[in-house]
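Going by the numbering used here, the letters in the sequence shown line up with residues 976 to 1090, in that order.
There's no promise every hint is true.
[What the hints assert, rightly or not] For lysine-lysine, the following BS3-like pairs were computed, each having C-alpha atoms within a straight-line distance of at most 30 Å:
| id | residue 1 | residue 2 |
| --- | --- | --- |
| 1 | K1039 | K1050 |
| 2 | K1018 | K1039 |
| 3 | K1061 | K1018 |
| 4 | K1039 | K1061 |
The hints are simulated quantities; they were obtained by calculation from the structure and are not laboratory data.
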Amino acid sequence: QVQLVESGGGLVQAGGSLRLSCAASESILRFLGMGWYRQAPGKQRELVAVIRGGGSINYADSVKGRFTISRDNAKNTVYLQMNSLKPEDTAVYYCNAEAFLTDYWGQGTQVTVSS
């Protein structure tokens, strides 16, 4: 069973930065893509950013220019650098690994942005 462990969440003021990490229990090269999702209270989970096996990257429009997804294959880790944070970025952030037949999820890490 693949395990994904997120870290790096916390409380930050608007305009601040955080970097989230997602450490996988096995090589991330086996996955079609690695992504970050978020879910705010009362809202559906939404895609934030995804990096595909071939290196292509997609971002939600709401985070373009502020967030950067990257990966370190040697460390089996995916990162999400979040800059210029806004209160509306407040959510639980989940790491996702997309495989052929299933998806794997981390337990989530809380990000709270105060105004």
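Hint by hint, which ones does this structure get wrong, listed from lowest number up? none
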